[in-house]
Amino acid sequence: MILEARDLTFRYHPKGPAVIGRVDLTLKSGERLGLTGPSGRGKTTLCRLLAGYDRPDAGEVLLDGRPLSTYRGYCPVQMVWQHPELVVDPLRTLGATLAEGWAVEERVLAGLHIEPGWLTRYPSELSGGELQRFCVARALGPATRFLLCDELSAMLDLITQAQIWSFLLEEAERRDLGLLIVSHSSPLLERLCTRTQAL
Amino acid sequence: MTPLLSVEHLSISFTQYDRGTRRRILPAIRDLDLTIDRGQVAAVVGSSGSGKSLLAHGILGILPYNAHMEGTITYDGAPLTPKRAAALRGREIVLVPQSVGYLDPLMKVGPQVGRDKTAVRAVLDRYGLGPETEGLYPFQLSGGMARRVLISTAVAASPALVIADEPTPGLDARAAGRILGHFRELADAGTGVLLITHDLELALTIADKVAVFYAGETVEEAPAGDFDRLEDLRHPYTRALWQALPQHGFRPIPGTQPYPGALPEGCPFAPRCPKCTSECGGDVPYRPLDGGFVRCLHPERGNAS
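Listed in order, the protein sequences are those of chains W and Z.
Counting in my numbering, the first sequence tops out at residue 206, every number present.
Counting in my numbering, the second sequence tops out at residue 310, every number present.
Keep in mind that the hints were calculated from the coordinates and are not lab data.
No residue lacks a Cβ here, since even glycine has one placed at the ideal position from N, Cα and C.
One should not assume that every hint holds.
[Claimed, not checked] To be clear about the criterion: a stretch of chain W counts as covered by chain Z if any three or more of its residues have a C-beta under 8 Å from a C-beta of chain Z, and this derived list gives those stretches:
hint, segment
1, 107-120
2, 123-136
3, 151-164
4, 184-197
[Said to hold, decoys possible] Distance windows between CB atoms, simulated:
hint, chain 1, residue 1, chain 2, residue 2, range
5, W, 29, Z, 107, 49 to 59 Å
6, Z, 30, W, 197, 58 to 68 Å
7, W, 79, Z, 228, 58 to 68 Å
8, W, 67, Z, 179, 28 to 38 Å
9, Z, 123, W, 24, 46 to 56 Å
10, W, 9, Z, 30, 14 to 24 Å
Please model the entire structure based on the sequences and the hints provided.
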């Protein structure tokens, strides 16, 4: 499959600046594309557009040549956000939050080193790194074809970072997923990506 | 010289209710020691869930109601009691919190940083945020801008001790370097800086010394220079961290840090440690070794003193 952004332009406010201005991007299954750029340049906004959370003002997001907005049901493009504590329901246990997405396989829980005891905890009782493992598991539903990783490991310690990425690389290989990896760390991008693009 | 802040034998535990009325105590930090001098940047590095943020909240006296703290914290020569902490925090001791969720979502950036408009302008300017930022609400900021606003809010008060809890994730290398540079400047002007981070590499760019946390304990304290070479590091966990750096092999060790409710007896790293012996199930003291400290019976470096 191919995920394409063609000539994307996006403003948060009709009179505001174009946060994304005429951006092109192509991501194929099995590819790992690194996305770099200074903070405030629109990396997260571009991910939001690619995952269908926002519609571009101009240009289009195509999945296998068809506009992403015409796909119904589970979106094949999933996103893992930079701040996990802001994207989980604070009033539900993490087990309930996970079950909302898909019946997560034991293999995925083990691969991400999610302890069974964490499932009955609330988000405020876990650390950011622990929450992020749930966010990764949640995004890996069987119909996911592309995963957008917005600073996925920026808040993780080194060993956890290496663990999660070695699991994700293996999973991407196994399922032929396409990964978009947003990061500020050039040693990390060098290690992970097949190519990089600057925004 | 008395250190600016000294933490001795600090333990923090949580009381939880499990199935109705059954109470249990979760030890989150055990027997932790740390000192910070004026003008020093002390980095605390550890994995998520190791108790790094709790240390910050313990010093500031803002732990949740079900937390219990033991040990002594001395600030500027006198014990830091909850009352004293309440009087000092936000003025002499400030926190740069970990989550950008700490910003008030209903308040514009300018008034949130401070009341004195000239001072607000000056501090935002220092972190590369233009005048237009003052009129924005937190949701209109990018992740990196929100971080810089959090830091501005803290340092606007000209504090004596800055506790920075993960101040840099989400910033590009240049912005992160610049912000850490500002912490270094604050330290060079006499402020004590406690930098709490998981990012060993960034910490090493400004820290004078590094304390490594694992499962609520300090396992090693080392001068920053020891991190130049794997051979100079003392604890097996510190070595594992070093080897997990993307530029040093990106090799993860298996397993996870034990959860506070399920700690093994003795050394908490023992189940993942290649050098573990039966003695490691007993008491493991924190002791000086070659200019640093280590909590290990079989340290990788030198001979135990």
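- Query: Does the Cβ pair residue 29(W), residue 107(Z) satisfy 49 to 59 Å?
  - Reply: Hint violated: Cβ distance 36 Å, outside 49 to 59 Å.
- Message: Using C-beta distances, would you say chain Z covers the segment 107-120 of chain W, given that this needs three or more residues below 8 Å?
- Response: violated (count 1)
- Message: Under 8 Å between beta-carbons, do enough residues of the segment 123-136 of chain W, three at least, approach chain Z for the coverage claim to hold?
- Response: holds (count 6)
- Query: Counting residues of the segment 151-164 of chain W with a beta carbon closer than 8 Å to any beta carbon of chain Z, are there 3 or more?
  - Reply: Three-residue rule met by the segment 151-164 of chain W, so holds; n is 5.
- Task: Evaluate the given range 58 to 68 Å for the C-beta pair formed by residue 30(Z) and residue 197(W).
- Result: violated, 45 Å
- Task: May I ask you to test the hint 14 to 24 Å on the CB atoms belonging to residue 9(W) and residue 30(Z)?
- Result: Between residue 9(W) and residue 30(Z), where Cβ atoms are some 55 Å apart, the hint is violated.
- Query: Between residue 79(W) and residue 228(Z), does the beta-carbon spacing fit 58 to 68 Å?
  - Reply: holds, 59 Å
- Message: Against the range 46 to 56 Å, how does the distance between the Cβ atoms of residue 123(Z) and residue 24(W) compare: consistent or not?
- Response: violated, 27 Å
- Outcome of range test on Cβ distance (residue 67(W), residue 179(Z); 28 to 38 Å): About 33 Å separates the Cβ atoms of residue 67(W) and residue 179(Z), which means 28 to 38 Å holds.
- Item | 8 Å C-beta criterion, at least three residues: is the segment 184-197 of chain W covered by chain Z | holds (count 6)
Of the hints listed earlier, those the structure fails to meet are numbers 1, 5, 6, 9 and 10, in rising order.
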